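**Q** Given next are the chains, with one letter for each unit.
4 protein chains.
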Amino acid sequence: MSDSDALLARFDEVRAHTERLAAPLSPEDQTVQSMPDVSPTKWHRAHVTWFFETFLLAEADPGFTPFQDQYWFLFNSYYEGVGPRYQRAMRGAITRPGAHDVGLYRRHVDDRVTDLLARVDEGTLDKVRPVLELGFHHEQQHQELLLMDIKHVLSLNPLRPVYAGSPADPGVPDRLRWVSFEGGLVEIGHEGPGAGFSYDNELPRHASYVGPYRLADRLVTNGEWLAFLADGGYHRHELWLSDGWSRVQAEGWEAPLYWTRADDGSWLEHTLHGTHPVDPAAPVCHVSHYEADAYATWAGKRLPTEAEWEHAATVSGAVEPAVNALHPRAAGPATGGLRQMLGDCWEWTGSAYLPYPGFRPAEGAIGEYNGKFMSGQMVLRGGCALTPPGHTRATYRNFYPPGARWPVTGVRLADDAR
Amino acid sequence: MSDSDALLARFDEVRAHTERLAAPLSPEDQTVQSMPDVSPTKWHRAHVTWFFETFLLAEADPGFTPFQDQYWFLFNSYYEGVGPRYQRAMRGAITRPGAHDVGLYRRHVDDRVTDLLARVDEGTLDKVRPVLELGFHHEQQHQELLLMDIKHVLSLNPLRPVYAGSPADPGVPDRLRWVSFEGGLVEIGHEGPGAGFSYDNELPRHASYVGPYRLADRLVTNGEWLAFLADGGYHRHELWLSDGWSRVQAEGWEAPLYWTRADDGSWLEHTLHGTHPVDPAAPVCHVSHYEADAYATWAGKRLPTEAEWEHAATVSGAVEPAVNALHPRAAGPATGGLRQMLGDCWEWTGSAYLPYPGFRPAEGAIGEYNGKFMSGQMVLRGGCALTPPGHTRATYRNFYPPGARWPVTGVRLADDAR
Amino acid sequence: MSDSDALLARFDEVRAHTERLAAPLSPEDQTVQSMPDVSPTKWHRAHVTWFFETFLLAEADPGFTPFQDQYWFLFNSYYEGVGPRYQRAMRGAITRPGAHDVGLYRRHVDDRVTDLLARVDEGTLDKVRPVLELGFHHEQQHQELLLMDIKHVLSLNPLRPVYAGSPADPGVPDRLRWVSFEGGLVEIGHEGPGAGFSYDNELPRHASYVGPYRLADRLVTNGEWLAFLADGGYHRHELWLSDGWSRVQAEGWEAPLYWTRADDGSWLEHTLHGTHPVDPAAPVCHVSHYEADAYATWAGKRLPTEAEWEHAATVSGAVEPAVNALHPRAAGPATGGLRQMLGDCWEWTGSAYLPYPGFRPAEGAIGEYNGKFMSGQMVLRGGCALTPPGHTRATYRNFYPPGARWPVTGVRLADDAR
Amino acid sequence: MSDSDALLARFDEVRAHTERLAAPLSPEDQTVQSMPDVSPTKWHRAHVTWFFETFLLAEADPGFTPFQDQYWFLFNSYYEGVGPRYQRAMRGAITRPGAHDVGLYRRHVDDRVTDLLARVDEGTLDKVRPVLELGFHHEQQHQELLLMDIKHVLSLNPLRPVYAGSPADPGVPDRLRWVSFEGGLVEIGHEGPGAGFSYDNELPRHASYVGPYRLADRLVTNGEWLAFLADGGYHRHELWLSDGWSRVQAEGWEAPLYWTRADDGSWLEHTLHGTHPVDPAAPVCHVSHYEADAYATWAGKRLPTEAEWEHAATVSGAVEPAVNALHPRAAGPATGGLRQMLGDCWEWTGSAYLPYPGFRPAEGAIGEYNGKFMSGQMVLRGGCALTPPGHTRATYRNFYPPGARWPVTGVRLADDAR
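Residue numbers (full-length UniProt numbering), protein chains in the order written: chain S, 1 to 418; chain W, 1 to 418; chain R, 1 to 418; chain X, 1 to 418.
Looking at chain S on its own, in the form it has when it is part of the complex (with noise of 0.2 Å):
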């Protein structure tokens, strides 16, 4: 296969994982933004279209002509450089174009894509390739959002509507572990274009120092979850930040986000397979970073840094699981290693989301991807159980500001060694 059939045999596969997500979606699931963080369905389909169009099309096929004049304007989501922009907090307001002119859209995105790698030449191969590379990457991305956006548009109808399918069989509870490591001058980040793709914010590969440290070889459960809260852990301050302690009393947090008393006082939650009751064995998720923080305050431990989470997934192996899911799973019998560290949850760390040093953002405005914003978030790593499979890796920074709840966000903890 050509390197140009192999490059369009993936941009095929992503784009209609795209629209297999979006399948059990009505357009009116599809139009509505419940929240200024939350984008609506068929704007997801339409903005990872946009950038194709934009990024590619417009610089790289030579009879470019825009879809539709108004689209730049619309599907546009934060690329000040491009020109402006549609403000974010309306998306929501956007009736039209509908879910199914939407898919019109990217059709005819896609076979100009089709069309330009059929006749491109190896110059311009070249030139595309990482804009495309950027493309798939950034509508996995997009993947991951449209269910995690999707879950909390489901999560405020009180008919607690499913996506699809339905929950796992409960897991069964083992203890935690802790798996061990030495540290010292370590050396983490991306290693750069000969190791795959990797965005601008994993570079460059640097040394860090590291002091000996210990790792929980599994995710925080929700059964631990629930003897924090029969101890009070919404309602002591001690436990918190401060800024998660002003959170807590403004938001009246008193659970993760999307958990609900049922009539018997027990504990339901709200997943992408509607309503079920929690299971003490899966890892607890939709916390913030001020809940993972208080949490670990109380079982006396902490959060891992980014640095000590990439070194041992690196040193230690980190795979995905195998079987895709909706929803986090209870963790597989314990190994010795560590266990979840992929494809589960996102895993808070203790370390802002800043600038590795010699960090230098990409040309253009594709440099607006990562750099600005890193101020006033926080690093997660590992993916989770919505990330699109392929889109993980142990470089891998995800970041969200530190009360954010709705992204698959959970704790694993850490602690130093002696």
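One or more of the hints may lead you astray.
A few chain S residues facing chain W, derived, Cβ under 8 Å [said to hold, decoys possible]:
no., residue
1, Val32
2, Met90
3, Gly92
4, Arg96
In case anyone wonders, no lab produced these hints; they're calculated from the structure.
Predicted, not measured: the structure shown is a model, and the values here were computed from it.
Backbone N, C-alpha and C fix where the C-beta goes; we use that ideal spot for every residue, glycine too.
Once you've looked at the hints, dock chains W, R and X against the given chain S.
**A** Structure of chains W, R and X alone, referenced to chain S:
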């Protein structure tokens, strides 16, 4: 035709009209709430159905069971007496039931009402007739709201979508004339059940003293409003009520809602027919009470009181426009009497919305329809182009907060007569 | 005594009274603005001085120069016509001029006014007399505000500070009686210049039709309000206007402003005399229009209209209390007529604050005194315990937004008579 | 001098310095809170006193009774462990105790501490010494805050008040030079109790890897900032972090806080000496982290990390300015080494404020001093002109949210070395 047949025919007609209004709207269009005051189309369709289900079927249908339990919660608007309700500002977060499922709900309730009316005895008929009639008028009010709301939704879309149809040809401006009234101790208010349907807020008929006055024979036109703009109307504090001036500055008002400037500096207006040049002969609409008052001050005149308006409408007759339109049209030729009294624009009066002397709210939850809103709002009279035929009358008291601009509101000048 | 001597004597008396009211307050007390509606004591002292400087001296004093240029900016309240002004909500950020320096400003303007009046000719005197008189009444209004505002400031201090004096002995509760009025086509409004001073909003005198009605002979008492509380008054939506119910819930109202619970569950009230047990015989005060309306609904009655109130006050006479107090006192013995009409609590009416028929605002910046506030407010009548002697009259129209609770506001019930 | 005598002498000195700083301020000046971040002068004076009363006297004075019960509530800042506290944003609503009464409170506590130290035994002295020392440093921090806060208060007054003194003569601009450091695996953090006082957040000393780097030998000047302005610095999104750009637009930033334009277009700066022309040679101050970062991006450089800063300060020495000033001054002549490291402006670093590896908060309520604020803030180093003499050190970690502008904050550039 028997009494129950007549009621059923009226029921069918009202219900069918709602569905005709929704027909041009996609599921996505029907889902969005563009601001807290606006409700989604499918919510309107469901809420008016809930009204018949709650106040008619649940009371009078022996075999009644709710169509869907949670609908009672989702589609209650503000009736505290009926139980808790979904918060108003979040109506746009509800994707399911979708537009199609709301249709099924409507059909189910329509069938049950039809069944009920088919086999109803005289005694029950007397009991349900007032509820049915209130339900008709309630649904008509929501027909008007449905159009005003979708107009706002579509206005936020830079694609400039069209609801239906195309604009009327520009009218012929003519000069404003005055019609004088002697006033005195006049009677206003509805005459009660014998005189046809009314809301409780139009009762009781009562005496009110009105000095000699005169009214403009037609509404203020866009052309006249352009003169107000040209004379700095939106920039001269001395023309404005203090609250109005604060709003002008806080929200940057420069013209009526829905007016935007074309590239050549001329004014365009968003309508249900799409975006078109402002017609100088048509009445200005989508202005707040603050703007109406400032304009009147600028013109050296004032707004009519509701007693003046109603007395004049009664004395001189007021007829609905022959043509049903989606946008107010230029006044017809001068007649010596009052023009454009009904069915063009809701006309701001200088009267606060307060209970008439001797007012008593209706019994039960239906008593929440009007009385509890008698605070902080101004009375408007006359109906507008979006009001369904047969829903206007001289005694009708509409009301909005003085800053509201999304209803179809216009201005008729008044003056003291000497 | 010559005319100018009489004016000067009145000037001296009004000016001295302000300083007497400020005397018990420390420089710190005089500086604070506890919420946007409240102004600092020293601002009141300076603003009323600015009024004489701007509208009297700057107009009529040939050698006029401003005392301090920036004072024009700092101490303008809301007169847009006079130029820009320091934003109202930030009055409490201004530490200088301090209380002492404001005293110097006052003395300077007092001296200039004294000089002016000493050598004024007849023609000028005729010109300045209306401004002086308006200035007297303006300063008296601010005397009342000064006390209401400092009461709010001191209420936020957990040390429970005292402004002055000590509370009256508890009164003797007596039952409420009704006084009936025939109504008809009555005249209300001030009779104009010949009949003494009035604000422009009391003009012109005009006819108004009033049906037969009756008024409570005294204000609602704290004891009656306690019965309202005990009957769930603050928790029953059906008693409340919709806007009122929203405020109750948003701000957690459970009782009148300034009521707090003692450890034994009894109610205490913050007053200018400090914090003391609520006196069941004294009139309830510091209730909003929403609360007044809910109470009246609960009692099966209503609030009077302003025409009813004024007509009754005129017909039956209304006198100020003999004792000048800092807190409203229990009504004296029943008389068969109306009690507590003037000088106890500002009485909420059911009338919105709107222009009288034929109202014309005064010319120039002074015309901003009243007219531009005729939106979104309710009329109150009768004056309160903090109103300076001589400042009340039957035609006086006070006004506040329906949610205001920091003025000394109370409730008189009304009812239709049959 | 005995150990307790030495402590007492230090106590007297610190306490007297606070009162010297407050001396030029009127009671009115001392009362106002101009925004939630600012505290009134008299609150600072009382709060530092409360600290000694709560953490020293209440623990160690056998006959302890509180000076005034409610003061515990009023003057607690954020110590949840000590009990409820008066809400921060309302500190400016408290008029009593006034400035004079706070003086009495101070004297009372001073007397009790003096008594305690006069008769303290060795064992107790060992126990109270750390609390006293923390109290000294705590009061010094508030001395700096007192000046920064009153600077903000006075800035809102259009009369342009002066706190004290007059500005230095304009400095002589000189070019910026770079000082290089090899970096490597360096140690940072305080060496612990044996090495003098530190806060818990400076502990423990630990290894950190730092690549080769260079630092600007002086702070960025006003002159350089004017070049940034002239080059559109506040209008070019590509220079800014996303959160920073939002703030620029939401708050209309056009220049550092306290800069205003004179009528001739030149820039003036509000200082504690009054309002004066900006000195191009003096360091820019009152810029947020967002502005510091944008400037560094514009200059093609970056901010130093806190490890880089501390390593450089330790390696190359860093001394406080000889002259104690109320405003940062132009750098002295170039030395080949680093200038302006201590006591000019707090220097924004690129490091988020997070716990050092192995950090443990102090025991008890005093443990709330630092640890709970380790979220959402950036580290600043070096002290500023308002920092009291002796309160700076190379390991000191100050912290503010990235949008803060009212502290005396400046910018030192850093760069990678090759």
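**Q** Of the numbered hints stated earlier in the document, which are not met by this structure?
**A** none
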